[in-house]
Structures are given as C-alpha cells and as structure tokens.
Amino acid sequence: MTCKLYQTELSEYLDGELPAARVARLEAHLRVCPHCQGELQELSGISGYIRAASLELRVSQDFDRRVLRAVATYQVAARVLRRRRSLLRPLVVAGIIFLGLLGALQRLLLSRPPVLPLRAPQAAAAAAAPAAPAPMGADREDR
Amino acid sequence: MHPMGTEADVEEALRAHRSPMESRLPHAAESEVLRACLAGAPEAFRELLARYRQPALALAFQMLGSAEDAEDVAQEAFVRVFQSLKGFRGQASFSTWLYRIVANLCLGRLRSRRPCLALETCREPCGAADSEHQITEALLARQVLARLSPELRAVLLLREQGALSYREIGEALRLPLGTVRSRLSKARIAFREIWKQSLQAREGSP
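The listed protein sequences derive, respectively, from chains A and B. Under this note's numbering, the residue at position 35 of the first sequence is numbered 35, and the numbers go up by one with no gaps. Under this note's numbering, the residue at position 38 of the second sequence is numbered 38, and the numbers go up by one with no gaps.
In short, the hints are calculated from the structure, not lab data. Glycine is no exception: its CB is placed at the ideal position from the N, C-alpha and C atoms. Misleading hints may appear alongside valid ones.
[As the list claims (entries may be wrong)] Here are some, though not all, of the chain B residues that point toward chain A, as calculated from beta-carbon distances under 8 Å:
| hint | residue |
| --- | --- |
| 1 | ALA58 |
| 2 | ARG181 |
| 3 | ARG192 |
| 4 | GLU193 |
[Stated by the list, open to error] Under the rule of at most 27 Å between Cα atoms (straight-line distance), these lysine-lysine pairs were calculated in the DSS-like manner:
| hint | chain 1 | residue 1 | chain 2 | residue 2 |
| --- | --- | --- | --- | --- |
| 5 | A | LYS4 | B | LYS186 |
| 6 | B | LYS186 | B | LYS196 |
| 7 | A | LYS4 | B | LYS196 |
Modelling step: build the complete structure from the supplied sequences, incorporating the hints.
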C-alpha cells in the first residue's frame, strides 16, 4: 500500500473512526514513514484552526428576543389555525353526513323498478295485439 | 380575526416567554430541560436557547461566512426546534439534532446563492482576541473555510465544530457512511492545501 492510500485513512484515524484492524496497520506504517507522520500532524492541527474561526463571534444583543418573538408568532398562528379547525370541524362533519344521506337517497331511488304509466287493461291488451284475426260471426254477416 | 393573530396576541405569547427563570433550570441535565420544554415551560426553551445559541451560531457563521445570515439561520433553526420538539425521539443528542437543522438550512441557503465567497470572512473577529496571531489565524481560517465547497465545509464543520460522529453526520446530511469518510478526508486535505497557499501568499505579499 502506498502513502497515498494511507492518506485517506489518516482522517478516519484522527476521528477515532478507523476500524481496529486498520488502525494497527496504519500505526505500523506511521512508525516507519516520516512523510505520513508529518501529514498526520498537519491534519490534526486543522481542528484548532477551525475552532479559531469562530473565536469571539459576537451575538446580537437582541438575538434571543428575535427568536422568542418568532416562536411567539408561530404559537399564535398555530393557535388561530387550531381554533379555525375546531370551528370548521362540525361544519365538515355535517357536510359529510348530508352528502352521505344524499347518496343513500339516490341509491334508493335508482334501485326501485321503473314505474309504468297507468292504462286501462283492455286498451293495453289491444295495443299489445294489433293483428288479431276477425271473429267468425263477422264473416258470416258479410256474406 | 387577523389571519395569523394580532400583534397583541403575539405580545401576550411573548410575555409568557419572559416569565422568570426557575433557578434550577440552568443547572439541570439536558433531558430535564427538554422534558420541561415539552411540558410547555417557556423558560425551558429559553434555557435551551442560552445553552445552544453560541454553537448554533458558530456553525451557521462558519458555513455561511456572514454574521447576519448566521443569525437568520440560527433563529429559523430554533423556531423549527420549537415546532418539532414533540417529534424529537431522543435517539440522537439534542445538539446533534440542532446541528442537523442548522447545517441543512445553511446548505439550502448556499445552494440558492452560489457561487459565494462571504465578504465577512475578511472582517476581524469581534471582541478581544488574545493576540494578533490569533486574529490572523481566525481570519485565515474563515477565508479557507469560505473557499471549500459547501458540501466539504458541512462535513468538516459538523465533525470539528459539532463533534458529530460519522454516523450522525451521515444522518444529518443524508449521506452514506462511505461518502462521509471520503468527504471528510478530502475536506481536511483541501483545507490544509488552501491554508498553506494562503500563508505563502501572505508571506509573499509586502
């Protein structure tokens, strides 16, 4: 393994995230490689530089006040929303019940057999048999 | 009714947050403060704010390079904490959770304003730094951080500033563990290279 390949392990080693088996191999390499020892030392110094970057970062005096105001605004908005929902809920429930009833009524009406128009029984029979033969007695009279 | 409540409603809610702090809270364990916060104690949220204001701001500042933007992001992060505290399961520590929110808010901001090199990285640190050397180091570190890509900066800062484990960084940024490993290694090497170049450039300049 070349030093370049060890280089990627140095970061994990510094963070204590390198698996134990690889730690032993890396440490054995570090004992004999001054180049990687130097690399390790340089990389370990980065933590200090990064901590220095936020040294004495000043927080605005009104930061807490602004956060608390934003939280209070959120609380009020959430409360208004909850209140609206609680007002709307009965209306929504009533609407659902109404629509349910409407649907049930419609189903009921559609499931009934169609109602035929009322006619006199004889007229209906005549209409149903238009080409019925003439009675025998009528023939005789014609002759 | 005002669509989101009136100013008077906000002031009233704010008054509750200004209630006097219980004397035991500043010394209480984190879990106790969180429990109190969940129970609706406004002073418990103030205690969380007092404990984590500085680290949240430092992370946001180093990610964004601007104190003003950092405060905006930290403010939004604390509001999100308040909104979703009920959903906090305690699987990770509170600070890990907060860092995750801050880092993701910063990345979202950086994505929408790329390319960026924060001008404020060149401003001197506020307050009384111990020595001129410290000031120089702080300025240089900010410049170097600003030159890293947001993705590399995020993993590096979550590790170095937030002390998150690789697994926690992966969860925070939704990255596989292998990507966290390789990005951290790249970030450190890039930081070191830019640091060296910047030092050489300073020494070379009159």
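For each hint, the structure was consulted:
Because the smallest distance between the Cβ of B:ALA58 and any Cβ of chain A comes to about 4 Å, under 8 Å, the interface hint for this residue holds. With a least beta-carbon distance of about 6 Å to chain A, the hint placing B:ARG181 at the interface is held under the 8 Å criterion. Look at B:ARG192: its Cβ gets to within about 5 Å of chain A, closer than 8 Å, so that hint holds up. With its C-beta approaching chain A no nearer than about 10 Å, B:GLU193 sits outside the 8 Å limit, and its interface hint is violated.
With a C-alpha separation of about 12 Å, the suggested pair A:LYS4 and B:LYS186 falls inside the 27 Å cut-off, and the hint holds. Taking the CA atoms of B:LYS186 and B:LYS196, the gap is near 15 Å; set against the 27 Å cutoff, the hint holds. Proximity of A:LYS4 to B:LYS196 is assessed by CA-CA distance (about 19 Å); at most 27 Å being required, the pair is judged to hold.
Checked against the numbered hints given earlier, the structure breaks only hint 4 and satisfies all the rest.
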